[in-house]
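K.L.:
Spelled out from the first residue to the last, the chains are:
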Amino acid sequence: MDAILLQILNGLDKGSAYALIALGLTLIFGTLGVVNFAHGALFMLGAFCAVSLQKLVAVSKITIDPSQVDFLGNPLKVKTPYVIEWFGPKIGNAIIDWNVPLAIIIAIPVMLLIGYVMERGLIKHFYKRPHADQILVTFGLAIVIQELVKANFGANPIPTPAPDQFVGSFNVGALIGLDASYPYWRLIYFAFSALIISSVFAFLRFTTFGMVVRAGMADRETVGLLGINIDRRFTIMFGIAAAVAGLAGVMYTPINSPNYHMGMDFLVLSFVVVVVGGMGSLPGAVSAGFLLGILESFASMNEVKGFFEMLYLPSIDQIIIYLVAIIVLLTRPRGLMGKAGVMEE
Amino acid sequence: MSKFTRRGLIKTSATVGAGLAMPTFITSPLAAYTNAPTGGSVTLGFNVPQSGPYADEGADELRAYKLAVEHLNGGGDGGMMNTFSSKSLTGNGILGKKVEYVTGDTQTKSDAARASAKSMIEKDGAVMITGGSSSGVAIAVQGLCQEAGVIFMAGLTHSNDTTGKDKKANGFRHFFNGYMSGAALAPVLEARYGKDRNAYHLTADYTWGWTQQESIQAATEAKGWNTVNNVLTPLATTDFSSYVAPVLNSGADVLVLNHYGGNMINSLTSAVQFGLRDKMVNGKNFEIVVPLYSRLMARGAGENVKGIFGSTNWHWSLSDEGSKAFVKSFGTKYGFPPSQAAHTTYVQTLLYADACERSGTFNPCGVSEALEGFKFDGMGNGPTEYRAEDHQCFKDVLVVKGKENPTSEFDVLEVVEITPRSQVEYAVDHPMFAGGALGKCNPGA
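The listed protein sequences derive, respectively, from chains A and B. The working numbering numbers the first residue of the first sequence as 1 and each following residue consecutively. The working numbering numbers the first residue of the second sequence as 1001 and each following residue consecutively.
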């Protein structure tokens, strides 16, 4: 039982990341009709907002301490971060410690801007081109962004720890009489994702802006004829989708140290999530995200793997998502919640 | 309409003629081996991962290669050339020819690595290929070099198979291997954690992971440990939570992470997040072991490595003259100490150059003969021997531990024990290395 509870939590956690990325993908596809293969790169850029802030607050004043020596035997250069110099050790260390939550504040405007520039600067020119062209250009863009990040930050993962208060794990199982400890930050990640997902839904449902966007998704031309500048709103939606991916990335950094390749790792799976959920369906993307996350976690249990190995299906955890995708597409070609007419013209 | 002119015809024929003449020039009977240097320079091919999970190791390897070339050509302070027991290298290139180099990106993928090595041999005329972080890559490139008739000086590759079942006459490995790690670590683990332990292994699913796991399992079981489970994880895994969660209720009290580079950073981080290090199982503290450590990855894993045992080929804090000379010239040039990957590649380059000097030729068969059974010292690992039968270097192995109180960002590992060569040595036909044959050296051409 403990193991099952742990894998459910693990699945919800993986699912959170899939759902957040798939949500953004679906928003962009639903509004602009673009298949954005650079979306994983936006997730990664979000994570590197946290890394950049970490580097920024670590910028230090260098003083030479002749009483100590470095590895070459030269006098040691002692580094004192400027934030400690300016605000004193208490506040300075707190800023350094709370770097990841603070990065959220920075990531929102940065990602909105990146999304805006990306849409206006490049993707706009590909609206009338075939989907294949859109995929090629966004995929190319993703590679360029990845290489830029690698050139600046190196290829190895960069540790970006959570604040000290959230290091360690919490015995979730104790609440229901079991023994299953789960890391604090992963629980926070799940709660944070739930918050972001519901905010996006509430924004689309209850604001005028959201209503216009939904109307535009249903019939862009008519909304345009009513004198509404729907293109501008769609551009803003692109920015919001970028920000959602970015926030998912920022919060993910303490779970797995970010590296330049992390976006690609999530991108492919997120596309499967979108397809399983149904192209263009926001609830579909979110529920498929969680569903596939949980299935993937269960498939990696040793008992489940052993069972499938007996059926001559080794490494089921590696293929489960694709297997489910095939089954769903065979039985429901539009995905779980897909609507007629999307990508079928 | 055809635009066939006399001038065009001459141009085309000249180009085609030059093209046809090329292979004859390269394979002319004068050169009895592939890419025999004819001018005043000799070209070496540095094939390292410049992208993929081991790219940072690759970058450090490349720095070391450039430093080695500088020293061979008489630049810099000479580094380990001054402490090397063989005195054939004089800073006048190799056999009087200036050393030049070309680089390739292995991308940590076997096919990409073979393609870049092939291009360096065929297009750039490299007479020796060296490099590789990842045993899958090293084995693939070693096979290619054997066929092409050039020497392969392996970089960071730790699989038993590189000098075991996949050994080749043209390939040489200075780095240690999985068996040596197991043999060096097991006694230390027994001393610290006792005989009665249950180990759970997570293992990278490729040649290095398999042989590393097999080695450490055999070595710890010989000390009385029990192996609860071994789970293979794909090299591309980044989130190890679903592999770590089952460890919690498995009854194991030790987790062995047969992971390297980015894999190890992520799996260790997950294990620590899940509170494994704070757990008590079977009345004992839960422990984590990382059989192959590198400073670069220890640094990447941050706080999480403190107190964790592993093994390494070399560490910059060693105080022998060779290590000191290398750290000094590398540190002065780049501003930070070299990694074990940098050390082994630097040493390999000097060993190759020295073998050319001693044999008086770049011919792979001559070089190979000079390296086989070669005993040397002053290169940072104490007395070392290139065993003739399998082209594996035998030397002491370092058992290290994540440092509890680092004094700088480079000071993340401390050397716990220097395990003597005799304790990690094995017979050529040891079951973990059996199968495959060294074969005969291939000069190509």
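Heads up, a few of these hints could be off.
Okay, the calculated beta carbon distance ranges per label pair [as the list claims (entries may be wrong)]: (1) A:Phe308 with B:Gly1283: 34 to 42 Å; (2) B:Asn1405 with A:Trp86: 23 to 31 Å; (3) B:Gly1307 with A:Ser198: 39 to 47 Å; (4) B:Gly1373 with A:Ile62: 31 to 39 Å.
Derived from the structure by calculation, the hints contain no laboratory data. Just so you know, even glycine gets a beta-carbon here, dropped at the ideal spot from N, CA and C.
K.L.:
Given a hinted range of 34 to 42 Å, is it respected by the beta-carbon distance of phenylalanine 308 of chain A and glycine 1283 of chain B?
P.N.:
About 35 Å separates the Cβ atoms of phenylalanine 308 of chain A and glycine 1283 of chain B, which means 34 to 42 Å holds.
K.L.:
Taking 31 to 39 Å as the stated bounds, is the beta-carbon spacing between glycine 1373 of chain B and isoleucine 62 of chain A within them?
P.N.:
Check failed, 50 Å falls outside 31 to 39 Å.
K.L.:
Note whether the CB distance of glycine 1307 of chain B and serine 198 of chain A lies within 39 to 47 Å or breaks it.
P.N.:
holds, 42 Å
K.L.:
Per the hint of 23 to 31 Å, is the separation of the Cβ atoms of asparagine 1405 of chain B and tryptophan 86 of chain A within bounds?
P.N.:
With Cβ atoms ~27 Å apart, the hint holds.
Hint 4 from the earlier list is the only one contradicted by this structure; the remaining hints agree with it.
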